[in-house]
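With the hints as a guide, bring both chains together as one complex.
Single-letter residue listing:
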Amino acid sequence: MAGKGAGGRAARGVRLTVNGEPVTVSGSPERHLLEALRVDLGRTGTKYGCGEGECGACTVLVDGTPTPACQVPIRELQGADVRTIEGMATGDRLNPAQQAFVETGAFQCGFCTPGMVVRATALLDRNPDPSEADIREALEPHLCRCGANARIVRAVRRASEIARGDRMRGP
Amino acid sequence: MLPPRPKRPWDRTPPSERDYFDVLGEGLVVHRVPLRSKGPERGFSPPSAWIHIAPDGRIRAFTGKVEVGQGTRTALSLAVAEELRVPLERVELVMGDTDLCPWDMGTFGSRSMPDALPALREVAATARAALIERASMAAGGSGTPGEAVDGEVRPPGRSRGTPYAELVRGRREVVPVGPTPPLTRAEDWRVAGHPALDPHARDVVTGRRTFVSDLRLPAMHWGAILRPPRIGARLVRVDGARAEARPGVRFVREGEFAGVVAPSPFEARAALADVEAEWEESPQPREDEAEAFLRAHPRNGDGWEVRSDSDGDPDGILAHADRSIEVTYRTAYIAHVPLETRTAVAEWTGPRLTVWVGTQTPFRARDHVAEALGLAVEDVRVIVPYTGSGFGGKHGGDVSLAAARLARAAGAPVAVTFSREEEFRFGYFRPMALIDVRAAVNRDGRLAAWVFHNVNAGSAGLGSPYRVRDYRIDNELSVSPLPQGAYRSLAANTNNFAREVAIDELAGLAEIDPLAFRERNLEDERLLAVLRSAAERAGWSGWVRSAGRGHGLAVGLEKEGRVATVAEVSVGADRSVHVDRLVTAFEAGAIVHPENLRNQVEGAAMMAIGGALFESIHFRDGRILNPRLSQYRVPRFSDLPELDTILIDRKDLPPVGGGETPMIAVAPAIANAIFDASGIRRRALPLLVDGKLPRR
Ligand code: FES
Ligand code: FES
Chain A
-10 MAGKGAGGRA
0 ARGVRLTVNG
10 EPVTVSGSPE
20 RHLLEALRVD
30 LGRTGTKYGC
40 GEGECGACTV
50 LVDGTPTPAC
60 QVPIRELQGA
70 DVRTIEGMAT
80 GDRLNPAQQA
90 FVETGAFQCG
100 FCTPGMVVRA
110 TALLDRNPDP
120 SEADIREALE
130 PHLCRCGANA
140 RIVRAVRRAS
150 EIARGDRMRG
160 P
Chain B
19 MLPPRPKRPW
29 DRTPPSERDY
39 FDVLGEGLVV
49 HRVPLRSKGP
59 ERGFSPPSAW
69 IHIAPDGRIR
79 AFTGKVEVGQ
89 GTRTALSLAV
99 AEELRVPLER
109 VELVMGDTDL
119 CPWDMGTFGS
129 RSMPDALPAL
139 REVAATARAA
149 LIERASMAAG
159 GSGTPGEAVD
169 GEVRPPGRSR
179 GTPYAELVRG
189 RREVVPVGPT
199 PPLTRAEDWR
209 VAGHPALDPH
219 ARDVVTGRRT
229 FVSDLRLPAM
239 HWGAILRPPR
249 IGARLVRVDG
259 ARAEARPGVR
269 FVREGEFAGV
279 VAPSPFEARA
289 ALADVEAEWE
299 ESPQPREDEA
309 EAFLRAHPRN
319 GDGWEVRSDS
329 DGDPDGILAH
339 ADRSIEVTYR
349 TAYIAHVPLE
359 TRTAVAEWTG
369 PRLTVWVGTQ
379 TPFRARDHVA
389 EALGLAVEDV
399 RVIVPYTGSG
409 FGGKHGGDVS
419 LAAARLARAA
429 GAPVAVTFSR
439 EEEFRFGYFR
449 PMALIDVRAA
459 VNRDGRLAAW
469 VFHNVNAGSA
479 GLGSPYRVRD
489 YRIDNELSVS
499 PLPQGAYRSL
509 AANTNNFARE
519 VAIDELAGLA
529 EIDPLAFRER
539 NLEDERLLAV
549 LRSAAERAGW
559 SGWVRSAGRG
569 HGLAVGLEKE
579 GRVATVAEVS
589 VGADRSVHVD
599 RLVTAFEAGA
609 IVHPENLRNQ
619 VEGAAMMAIG
629 GALFESIHFR
639 DGRILNPRLS
649 QYRVPRFSDL
659 PELDTILIDR
669 KDLPPVGGGE
679 TPMIAVAPAI
689 ANAIFDASGI
699 RRRALPLLVD
709 GKLPRR
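Note that the protein sequences, when read in sequence, are chains A and B. Letter by letter, the first sequence follows residues -10 to 160 of my numbering. Letter by letter, the second sequence follows residues 19 to 714 of my numbering.
Calculated directly from the structure, the hints in this document are not laboratory data.
Output of the computed footprint for chain A on chain B, the stretches with three or more beta carbons under 8 Å from beta carbons of chain A:
1) 227 to 238
2) 281 to 287
3) 650 to 658
Derived Cβ-Cβ restraints for the label pairs, each shown as a range:
4) A:P11 / B:S648: 34 to 44 Å
5) A:E10 / B:D40: 34 to 44 Å
6) A:E10 / B:T228: 15 to 25 Å
7) A:R82 / B:R713: 55 to 65 Å
8) B:Q649 / A:R4: 32 to 42 Å
9) B:L393 / A:E126: 44 to 54 Å
10) B:D667 / A:E10: 42 to 52 Å
11) A:R4 / B:R593: 48 to 58 Å
12) B:S648 / A:D123: 23 to 33 Å
13) A:E10 / B:R593: 48 to 58 Å
14) B:E274 / A:D155: 56 to 66 Å
15) A:D155 / B:E554: 39 to 49 Å
16) B:S648 / A:R4: 24 to 34 Å
17) A:D123 / B:D257: 53 to 63 Å
Under 8 Å between C-beta atoms, here's a sample of chain B residues computed to sit facing chain A:
18) G87
19) Q88
20) D216
21) A219
22) V223
23) P356
24) R438
25) E613
26) N617
27) E620
28) L647
Everything numeric in this text was worked out from a predicted model, so none of it was measured. Glycine included, C-beta positions come from ideal geometry on N, C-alpha and C.
So here's chain B without its partners, still in its complex pose (with noise of 0.2 Å):
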């Protein structure tokens, strides 16, 4: 089962004494040595990547990125097919394997086409240069050097040439990636940036593609997770003995932390249920109060960004307009719901630990698991398989953690596999926010004061794309009621709702088209541009304002991508709401996955959907009253819309990320478009309350 381990986790070891080729076998390695780099790698960037060329025509490339739906293992090994001259379904990509990947913060916020795609396009490129290099001293050194074509290197003028495989055989050659690879520009691409298939769907639709709950291992146990019935409940006291009466059940209790091994998860839920435990409660804020509560209750950063930027006198400008607003704007606590819950399978060897886990964050859980258990980090290996989706829910490593603990007293593999509703209850939300904004124009149309504060939003997407002379912005953060964390474009979307449909309300104070008034106030040409491209797209020719059908625009500037959304909608007699049409146009510099970027903008699109008209997460002393899919409403196939999607491929830019930008403007869409139906101003996320649109 497992693949094979080097001596000490390669991102811990120094690059020149990685046991490489004990571990893949002779051939050549190519790999990125970020600057300065003494002990562990660290940090954003600069990223690292390696890849191996092995003698039986194998390309393993690596990288600390994972893939859980997002699609970055076809985009990024689109990246490597190209620059090492061979087609898709030759490169293996080895993702998020700690053992055996570089090191890497974790799969969010956009980074694997920023951080992940250079250093691999790096590797591939020098490969390349090596084997044309291993080729022409093969060739006695002289001459015009070969050319690589389809994994083979020819020499000049040639239809045949010698194979990759043929010219790493019987090396052990490390080649680092020097201060210019020669990188092949976007315009040249002849593989990336092109159509293409998931070399492995036919294993999704067969039902064999291995997920991280489909793992099984020999002699393999299941656990079950001792829960609190409600936030910030304290174990007191706990008897496990009727649980261990039950045949082949394992009772384990580690400080807070209690729960069951047991043959099959139905004998592990049923030991579960058997284990006697008292809690001590306390008293914990209500869903009625939760806004109060969180201005009334700051909190410094731990981790979360606060920021702050002012220029000019906003308030002097504020206190004497005459089209001024001054409103806030909400969103709900919202669940990812993955559609795989959590799960972990842990094995131990030894001392050595190895933990299967769908999580977007390897290092970081390996890091955790280690440290809990008082573990060296080189004896803890994590692999993430094949995860089904996880949309920022997935970082952290508690799941490992339980799996460990659970798998270390059983003296067996163990697999923990959340159930839906823990993964409501125990796992942690899109934080609630407030957005307080101000903000006034002038007579003629332009944006003359802006003051925008959120609470416990998070700081991205903070900063506006809209020219102001006077303006001051800024965040705080909140203690939480509920637990909170990343989500998908996280504080970002719920900036954007507040400032696009500002932006709305201004240029309705304006009496200026809203397409005209954004025109007039946006200055970056790239988001203008998108901004046309989808207005002309959706046909548009300013407010609908007939009853019943409206449509609305937002626009979006996040992680260097640029999108604009047009939302049709309508409104029903009996105030249901139904989005019919999401016209989106996403740039994100040079294309390199046209088929996923596609994807990745059209499930951003249907994603939003749920959050924008109906996701939200109710409790009550410190219990989440929805925890279920048929209590929790996400979006349906009766959802989807009319789906239009303009991506535009800037070659001269270098690609960022896809998966998260053309999620921000949808929700501020729908809601303008809802105005512009029924004359109703939404401020608040969910837009509609129990399915209907509120009377105000």
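Chain A with its partners taken away, still in its complex shape (with noise of 0.2 Å):
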């Protein structure tokens, strides 16, 4: 894999699913997700802040795990289950994260919401019922510039009461 090097071209591309839809990403294999996402795929509510791993805007799920895209090449994602801001809503029916955003206008500029978003619902699939502690921390790699992070948090914590409320209602 390593052989190949930067620039090289991933001869019959990468092939992954992005929520849930295969695709095949083409092009140099040292690439990193966030580029393909945001420009072969044209998905573009991930963001990119940092390059670095230090923001959190460019965070999706890979595999089920909450990963900054912008650290991730290509060529390690063979056969993935990518999920991004775009894949979280079902049709138009908001998951209970974004709907949670909305009421609690958790946001102000809202270029870092769809990175929280996506922590948001990864925290709820593993801890329907999580603590101020637990949601801070899970947080933590995120950026919120404009300073929403007090609503922030109060979104995850009433998105956690709406999943409940869902769970308990039944599908």
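Put into structure tokens, the structure is as follows:
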């Protein structure tokens, strides 16, 4: 794999699924998932903020794990299941994290929001009733430069209520 | 992709000659025409606005301000909805499009509320009156006029009326705002001033909101800019042959500018690495000598204001005072770090250029690009889409110009997005500054003399709200070792830090509680009101003076807003500092969008923690040493204190800006709290060094 080196071509491309849809990404295998999503696949909901894993704006789920897309070269993604912010809602129905961010107005410019929503979704999957400390810890890799942090914590708490309510009501 | 384009930008067309209806379709237009308006519109005031009501029910209002996350889109739309008596969702606000919007100096200095809001309210209120009049004319023109309710005009006593859409059908009518537009008093607001959600929030949480960096045009290419190795370096020789040998890559050089265009960002970066350049470098001031450098290199204003004011004989009093201070406060260069880096997309259509860019000054960017490229201003259109924050860091037209040059050479639309490192290295910073304060107090705890001089901070916030007869205040500007410019609340932050820490020091000398000391020396009732409400909410009870925990307070009066902050901090045995709670009381006249104002106050507090505790740009030989987020620490969730925000709604006063002033009392309140907790008086921002409180 490493033998191809930067700038080399992935002969047949890397096959993965993005939000359940099979896609093939060609071009240099050293390119990061973030650029593949934003440029090749036109899925611009995932944002660039730093390129070094420090801001969380590019967070996506890779095989269910929140991952900074700017840190993953596409050569590592053969067969991977990638979920992005565009895949969080079911049709028109927002997921609980999305709903809660809308309800609580937990953003200003909204540039950090997709990463936050993806992180919150993953947190609630793992821990349906997170404490304030759990929430803050989960969000620590994310920056909100607008300083909507207090609202974001509140939104995640609200999302857990919505999610648990949904579960009690059933699908 | 391109929104409809008028023959000439409307701000550069006399009001009577604007082709409103060719562009927007038939309907009713109300515009606010500045008095004595001949050619292009200019200046802070009178600000302009216009509104168009279409026969399909569409309502579009136009302002030259931009939305970069501060929430003015919703706040201004609320005011329009209020005056037009329609729900918020009905109002489309067109912002920062230089072809369609009124000329505007830029979105900075908290001017959206004082400038854009009244203009928009006036055009909307006038439109309402015009619609009511049309309705009564249609009904024969006799009897009492109807009432505008929920997007229609209802005859007196009726529950159904004629929708606006119907009233404007077939018309091409322009109505100017008259001398007394029928504005709705804030006390009577039913839409503005009440809780509201951003109607476009769904787009934000689904990833559908299109920020500048998300724009994709057909055949769009990606640009990268050749960068000097350090500040002050000049391009001597450059060879792009190796870069151009790559498939689809174009090398561009125009004077000092050089860059590449490629089919993808990855290829653009790789091609840039192949450009061979030689630079002539020149010695640059070092960080450890920067303060002396600032003092030794005065500069003429070049647009920055210099102020001075004095009365009485402060030096005479200071010469004999037994309770006085003579200290220097310092602030470091800090970066804005907007989460979305600077981005522009440029597209040429023949000789005409359109640039989509995240800028706070679209009209200035237009002028800058036109001038640099030798174009007529009319041939350049700048559009500001949603932008991932600015904080004063996105002024000017550099990235627009780079995209325009590259797009012209490539013969295709080109996007240029700064990397985070470029954002640090090739933007500008909040200035490094020195503030010299000499002051004295009387035995009865009154300020006796006040001498306040700053070097390179700027003039905002120089004036003091404290009563004193003998004083001198002034500022000077310096040649800056690093590029410097605007920042959220710019000089008011710096000056307020120095003043509010000095006031605390003086309270200490006078042996009076800092709350009582401020109450004794302040005269502005509105400022006293926020001070008292913050102190009360925080349970202020004098200095704590217990090891490891403390609280401090500070006030600020800036751009007609009043703020008071009480900070509670803990100082660990390892000299780490955590801000546990920030209580902020803020008053900015009548509140238009309460939820957004609260969001702004909280955000300002959070952002201010960074500049207060740890943000600082380090440099050597003209190189930025910490140009990455892993090296330049900004506030994170672990820094988030309990935020307690009190908004004081003064419906009897005009609304003023809320994005900046809530920030200015935070750093001094924290500094004063650290003193309370540790006995260590810090006079420099950031207050911590390498994350710890220094021993002195
Ligand atoms: S862009 Fe990936 S973490 Fe910042
Ligand atoms: S809302 Fe702007 S960065 Fe979080």
